[in-house]
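Using this note's numbering, read the sequence shown as starting at 1 and increasing by one per residue.
Among these hints, one or two may not hold up.
[What the hints assert, rightly or not] With a cut-off of at most 25 Å between alpha-carbon atoms, the simulated SDA-like pairs for lysine to any residue come out as follows:
#  : residue 1 : residue 2
1  : K44       : D32
2  : K44       : R18
3  : K44       : Y304
4  : K44       : S170
5  : K44       : A359
6  : K44       : A60
7  : K44       : A223
8  : K44       : L168
9  : K44       : E11
10 : K44       : R16
11 : K44       : R72
[Said to hold, decoys possible] FRET-style restraints, in silico, Cβ to Cβ:
#  : residue 1 : residue 2 : range
12 : L224      : R62       : 21 to 27 Å
13 : G34       : T243      : 49 to 55 Å
14 : A352      : E47       : 20 to 26 Å
15 : D240      : T360      : 57 to 63 Å
16 : R214      : D308      : 26 to 32 Å
17 : A123      : E47       : 33 to 39 Å
18 : A123      : E31       : 37 to 43 Å
Hints are computed from structural coordinates only; laboratory data are not their basis.
Predicted, not measured: the structure shown is a model, and the values here were computed from it.
Beta carbons: idealized from backbone N, C-alpha and C, even for Gly.
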Amino acid sequence: MIGIDARAAAEVGAGRGRVVRELLRALAAREDDGHRYILYAREKWAEETLDARFQWRLIAARDPWWHALSARAANRECAAFLSSNSYLTVWFLRIPAVPIVYDLTTFAPSMRPNRRSTLIERATLGYALRRSTAVLAISQATADALIEHFPGAAADTVVAPLGVASGLGSAPNPAEAAQLPSAGFVLAVGTLEPRKNLPRLVAAYSSLDADMQRRHPLVVVGALGWDTGETLSALRSLGDRCTLLGYVSDAALAELYRRCATFCYPSLGEGFGLPVLEAMAAGAAVITSNISSLPEVGGDAVEYVDPDRVASIADGLRHVLGDEAHRADLATRGRARASEFSWERFAATTLATLDTAAATRRADRA
Numbered sequence: 001m002i003g004i005d006a007r008a009a010a011e012v013g014a015g016r017g018r019v020v021r022e023l024l025r026a027l028a029a030r031e032d033d034g035h036r037y038i039l040y041a042r043e044k045w046a047e048e049t050l051d052a053r054f055q056w057r058l059i060a061a062r063d064p065w066w067h068a069l070s071a072r073a074a075n076r077e078c079a080a081f082l083s084s085n086s087y088l089t090v091w092f093l094r095i096p097a098v099p100i101v102y103d104l105t106t107f108a109p110s111m112r113p114n115r116r117s118t119l120i121e122r123a124t125l126g127y128a129l130r131r132s133t134a135v136l137a138i139s140q141a142t143a144d145a146l147i148e149h150f151p152g153a154a155a156d157t158v159v160a161p162l163g164v165a166s167g168l169g170s171a172p173n174p175a176e177a178a179q180l181p182s183a184g185f186v187l188a189v190g191t192l193e194p195r196k197n198l199p200r201l202v203a204a205y206s207s208l209d210a211d212m213q214r215r216h217p218l219v220v221v222g223a224l225g226w227d228t229g230e231t232l233s234a235l236r237s238l239g240d241r242c243t244l245l246g247y248v249s250d251a252a253l254a255e256l257y258r259r260c261a262t263f264c265y266p267s268l269g270e271g272f273g274l275p276v277l278e279a280m281a282a283g284a285a286v287i288t289s290n291i292s293s294l295p296e297v298g299g300d301a302v303e304y305v306d307p308d309r310v311a312s313i314a315d316g317l318r319h320v321l322g323d324e325a326h327r328a329d330l331a332t333r334g335r336a337r338a339s340e341f342s343w344e345r346f347a348a349t350t351l352a353t354l355d356t357a358a359a360t361r362r363a364d365r366a
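Can you make the complete structure from the sequences, with help from the hints?
This is the structure in structure tokens:
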């Protein structure tokens, strides 16, 4: 029996919730090979693809009690545990634990909310790593950053790249589709926070000639994050040249990827870069940063820019928006690149790591 922290599955939006939902879908789609799963959460995720192999354990407790109570139950019921949403649960586990490390952006001074959050992250992650049997990192860049800060994790870290969301293959309902902008815009996607680098994107966009801005307005999708003052001020400075949509459904997001002239993602740092992968899969011409994990995702199928330089972002926009043949080539290569990533492969790597962790415990007991 394998335990999974499935709290994030019921959360609306992207990020860890999307990873957990797609992992569960991929596990459910596998042939029955004898694996059984207990999903620990506060509320169920109403997903019809989950069959009798999956059981829910609902624990209505706040942090940190949720972690202690779920770990106590898992210690009785499971052979291994996937900590997909928090490192804290690992502290209380006596069975093999495998946490997922999504990124280490809080360790970068320019991208952390405050020094206190960095100290908390270092303490919780550091202790969890000492108690973990293995660690899943969602990119090689994340694995490298983890090992840089915690050298002892090197031997136990497994890289498991993410996949393309299943919901991106469907079309939005007609009413939702009618509310979306017409084709030809510049699209930006991501939580509104400093590391998404939207002020520099706005500055780069503002440097384009008036006709290019008129033909290609800026559309921004994403929920409010932290320290949004500069970002919102920059977006509002564009007036009617910018549309801020907030959160949209997966189907609507896919339609936006299909309609955009280019998807621009000049992030200052990522653990993986799921929007880049999803945009490529939907056929968008992608502009993104030449740092962290983003080249792992984009390969040779995107236009790279230096996210620290407004001029570089502006040059990327001019090149892609001003050359229709180049846009078409990026779209073609992007689809091919995206096909190399799948949630099925992520699930297989995750399951193999958990099986190895469980077997290690059995061997220790023998």
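Does the structure break any of the earlier hints, and which numbers would those be?
3, 5
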